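Going line by line, the protein sequences match chains A and B. Counting in my numbering, the final residue of the first sequence is number 410, and the numbers go up one at a time with none missing. Counting in my numbering, the final residue of the second sequence is number 410, and the numbers go up one at a time with none missing.
If you are wondering where the hints come from, they were derived from the structure by calculation, not from laboratory data. Just so we're clear, the structure is a prediction, and the values are computed from it rather than from any experiment. Take the hints with a grain of salt, since some may be wrong.
The list treats identical chains as one, so a pair stands whether inside a single copy or across any two.
Quick list of in silico lysine to aspartate or glutamate cross-link-like pairs, EDC-like style, CA-CA up to 16 Å [unchecked claim]:
#1 49 <-> 398
#2 26 <-> 340
#3 177 <-> 205
#4 26 <-> 235
#5 26 <-> 123
#6 49 <-> 65
#7 49 <-> 64
#8 275 <-> 122
#9 124 <-> 226
#10 370 <-> 398
#11 49 <-> 399
#12 124 <-> 310
#13 209 <-> 237
#14 124 <-> 152
#15 26 <-> 152
#16 49 <-> 152
Each chain is listed here by its residues.
There are 2 protein chains.
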Amino acid sequence: MVQVNQSYLSLQKNYLFTEIAQKVRAYKAANPELRVISLGIGDVTKPLVPAVIEALHAAVEDMGAAAGFHGYGPEQGYAFLREAVVDEYARLGVKLDADEVFIGDGAKSDIGNFQELFDEKAVIAVTDPVYPVYVDSNAMSGRAGLPCEQGRFDRLVYLPCVRENGFVPDFPAKAPDVLYLCSPNNPTGTTLDRAALTAWVDYARKNGMLILYDAAYEAYITEKDIPHSIFEIEGAREVAVEFRSYSKIAGFTGLRCSATIVPQDLRISDGKGGDTDLNSLWRRRQCTKYNGCPYIVQKAAQAVHTEAGRAQVMDQVRGYLANATAIRSALSAQGFEVYGGVNAPYIWLRTPEGTTSWGFFDLLLNKAQLVCTPGAGFGASGEGYVRLTAFGTPEDTAEAISRLRSL
Amino acid sequence: MVQVNQSYLSLQKNYLFTEIAQKVRAYKAANPELRVISLGIGDVTKPLVPAVIEALHAAVEDMGAAAGFHGYGPEQGYAFLREAVVDEYARLGVKLDADEVFIGDGAKSDIGNFQELFDEKAVIAVTDPVYPVYVDSNAMSGRAGLPCEQGRFDRLVYLPCVRENGFVPDFPAKAPDVLYLCSPNNPTGTTLDRAALTAWVDYARKNGMLILYDAAYEAYITEKDIPHSIFEIEGAREVAVEFRSYSKIAGFTGLRCSATIVPQDLRISDGKGGDTDLNSLWRRRQCTKYNGCPYIVQKAAQAVHTEAGRAQVMDQVRGYLANATAIRSALSAQGFEVYGGVNAPYIWLRTPEGTTSWGFFDLLLNKAQLVCTPGAGFGASGEGYVRLTAFGTPEDTAEAISRLRSL
């Protein structure tokens with residue numbers, strides 16, 4: 004009888020958000036008369052913008068006629084979209100080649116799968132709190148080791164991001180092989196400014212460390228000194244892969260599209276004294292286990308890069324940011340300690356002294372019928388915080404704020 | 004510096020179809036005045052049927068309005084589609100639970116990723132010739148061992164399917180842990196009839212072997228005694244996972260949707276003397292590294308299961324089968340030895356004595372501007388054969404037949 008991949012047995016039974024969903028379902032079943040508002044999972048609520056809808060309809064028409072039908076596409080994505088991504092980067096002053104852009108079905112898939120390219124013995128570092136996919140995907144491949152105290156794994160390197168260090172990770176004593184960075188950060192909503200990111204790129208270059216940079220929330224940056232891409236930093240092409248998503252900029256959470264940038268300059272050790280390029284390895288992976296993002300979805304993503312599309316989606320982003328400002332202000336006014344919410348759709352709330360993050364989750368659910376995400380679910384250093392998201396409708400956000408005020 | 008997953012270095016540089024595409028591109032560049040017709044890669048050419056197009060437009064409308072907008076969907080797929088799949092199986096007399104159905108973005112992804120659940124030491128068997136994804140995905144995880152003679156890997160078990168055994172694999176001396184089966188077969192176009200499949204299910208039950216059953220081409224079955232699902236065989240629920248695709252039945256190669264069936268009864272060893280269920284493991288994998296198939300694509304897939312949709316797509320399938328019959332007849336009339344093409348869109352042509360499969364590929368390309376797929380690309384036992392596909396337009400198929408006649 005085939006034996007299970009032992010690493011799967013070391014995982015927590017549920018993916019964090021599945022666990023929260025189960026708790027909320029149980030609460031709703033027990034309290035059918037109460038309306039629960041979610042500030043929990045980071046899902047958008049605004050419909051797709053007109054430019055995207057128009058592009059989708061047109062692409063559907065293509066698919067219904069022999070002349071416009073598109074079957075298997077290039078696994079790496081259509082050139083029209085990869086070139087639109089290259090142009091988008093050019094607006095940031097970053098020069099890319101279209102061969103460095105890989106279109107995927109979402110940053111979660113791409114980030115989750117990317118670790119496959121590395122040796123099982125690679126030392127992986129994550130910030131703490133952390134988006135669970137970085138940890139779980141490595142754990143599934145045996146790279147995280149065994150569970151130890153506080154829900155951690157004994158082979159991962161955790162870099163705490165807490166109020167004491169301004170949510171900027173300190174350099175570890177010994178350089179890991181790979182570091183996942185996310186800015187604007189999920190879950191804390193905080194950012195790495197140009198100086199901090201430059202320091203990390205320099206560290207990576209000096210120590211031969213690879214950075215997997217998750218830029219899923221870059222559209223929410225409002226302040227000037229925060230890079231929208233790690234490739235704005237000199238030398239980053241030698242040490243970083245960047246993951247972009249259409250989910251949060253354009254409401255593609257249910258449409259699924261991402262762009263992953265793997266520079267041609269990136270080399271990793273071949274374990275035999277030489278090196279090998281990461282771009283080809285990722286292409287080989289995608290060609291073997293993936294069959295490309297749907298044509299109609301890629302056409303929709305292309306529309307996000309047009310003048311009309313960009314204006315429409317950024318209008319939605321500003322709407323979500325207005326929610327963030329409102330939640331943040333209300334909580335501050337009530338004396339809560341809050342972080343994030345300025346360059347991100349996430350507010351990271353410090354729970355009152357003596358209340359754990361799951362305790363605060365229960366309190367918000369039971370007292371105010373609000374769903375948050377307990378910080379502890381994102382890692383040991385998330386204990387004492389909860390994450391609130393600004394993706395609700397303005398009405399729900401207003402109602403949530405009013406309930407928060409009456410806590 | 005992070006070290007590469009050594010298993011990647013043991014792979015052939017290119018995925019088979021990428022290599023063929025490169026050769027064809029070079030030929031076209033050198034001969035721009037000649038029209039090349041592809042009977043190579045198994046991509047469909049007919050546009051999406053009206054029922055699917057209608058469902059797509061309606062779903063796009065949903066996504067453009069707050070009331071109908073769908074963000075993150077369930078990773079396992081929407082209930083509406085999983086239930087439609089359950090109903091489809093009921094038509095075959097197979098009873099499934101909707102929790103056993105996982106909607107994915109294509110059988111290639113699902114089959115490619117599924118092996119992650121198994122221990123690195125698992126003994127994997129494949130039929131030979133074989134769809135390269137089964138081999139390469141295991142090779143990437145170190146389960147195939149090292150390359151050895153004839154493009155094989157030294158840790159995989161190869162079960163030849165050749166004319167001498169009627170393309171039905173013989174039982175191996177020692178039972179492997181996992182066997183990939185594909186019927187109707189890609190690339191040979193041959194099938195396992197009820198007796199042959201029953202024998203394999205019995206073998207699996209007796210030996211504790213898991214069968215990964217690829218049913219991507221079941222819609223092409225025209226003969227009575229060929230099962231459309233492995234679950235038509237008694238006891239298969241204890242030993243088999245089945246992969247279904249919308250690509251070949253409904254032209255979804257560029258739309259991307261699949262259904263993978265993981266029965267609740269399936270248990271694999273936990274390596275500690277007990278067992279663990281595969282359904283939960285696959286759910287955990289998908290929840291961590293996948294974010295669900297796009298809502299609009301799932302609505303399109305649902306339309307395939309309606310009365311109108313089914314009639315329309317089966318009409319296309321019959322059209323492709325008519326191509327297969329025509330190609331098969333023409334080749335037979337010319338004295339070629341041909342297999343497949345009756346319950347499958349693939350014709351498996353025996354190359355003339357003394358001509359290798361790549362040699363015949365070159366001959367067809369240079370003499371007739373036809374692209375086939377060399378059998379050797381599918382494995383050592385594919386040497387001496389080439390695969391021709393019936394997915395062309397009727398016009399291209401007629402032209403290809405006329406060129407074949409003048410060879």
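*Identical-chain pair category, residue 26 with residue 235, by Cα at 16 Å*: Close neither inside one copy (42 Å) nor across copies (38 Å); limit 16 Å.
*If the cutoff is 16 Å on CA atoms, where do residue 26 and residue 152 land: within, between, both or neither? Let me know, please.*
Neither: 24 Å inside a copy, 55 Å across copies.
*First find the shortest C-alpha distance between residue 370 and residue 398 inside one copy, then the shortest across copies, and answer within, between, both or neither for a cut-off of 16 Å.*
neither (19 Å within a copy, 69 Å between copies)
_If the cut is 16 Å between Cα atoms, do residue 49 and residue 399 qualify within a copy, between copies, both or neither?_
For residue 49 and residue 399, only the intra-copy Cα distance (12 Å) is at most 16 Å; the inter-copy one is 46 Å.
*Classify it for me, residue 209 with residue 237: is the Cα-Cα distance of at most 16 Å met within a copy, between copies, both or neither?*
within (13 Å within a copy, 61 Å between copies)
_Homo-oligomer pair classification [residue 122, residue 275; C-alpha up to 16 Å]_ = Within. Shortest intra-copy distance 13 Å satisfies the 16 Å Cα cut-off; inter-copy 26 Å does not.
_Intra- versus inter-subunit Cα pairing at 16 Å for residue 49 with residue 65_ = This pair counts as between: shortest inter-copy Cα distance 12 Å, intra-copy 26 Å.
_Alpha-carbon proximity context of residue 26 and residue 340, limit 16 Å_ = Result: close neither inside a copy nor across copies, 26 Å intra and 62 Å inter.
*Should residue 49 paired with residue 64 be assigned to within, between, both, or neither, using CA atoms and 16 Å as the limit?*
Answer is between: at 13 Å across copies they meet the 16 Å cutoff, but 25 Å inside does not.
_Same-copy or cross-copy closeness of residue 49 to residue 398 [CA-CA at most 16 Å]_ = Within one copy only: 12 Å inside a chain, 46 Å across chains, cut-off 16 Å.
*Could you place residue 26 and residue 123 in one of the four classes (within, between, both, neither) given a Cα distance threshold of 16 Å?*
neither (35 Å within a copy, 35 Å between copies)
*Give the relationship of residue 124 and residue 310 under a CA distance limit of 16 Å: within one copy only, between copies only, both, or neither.*
Neither. Shortest intra-copy (46 Å) and inter-copy (53 Å) distances fail the 16 Å Cα cut-off.
Consistency note: the structure conflicts with the earlier hints numbered 2, 4, 5, 9, 10, 12, 14, 15, 16.
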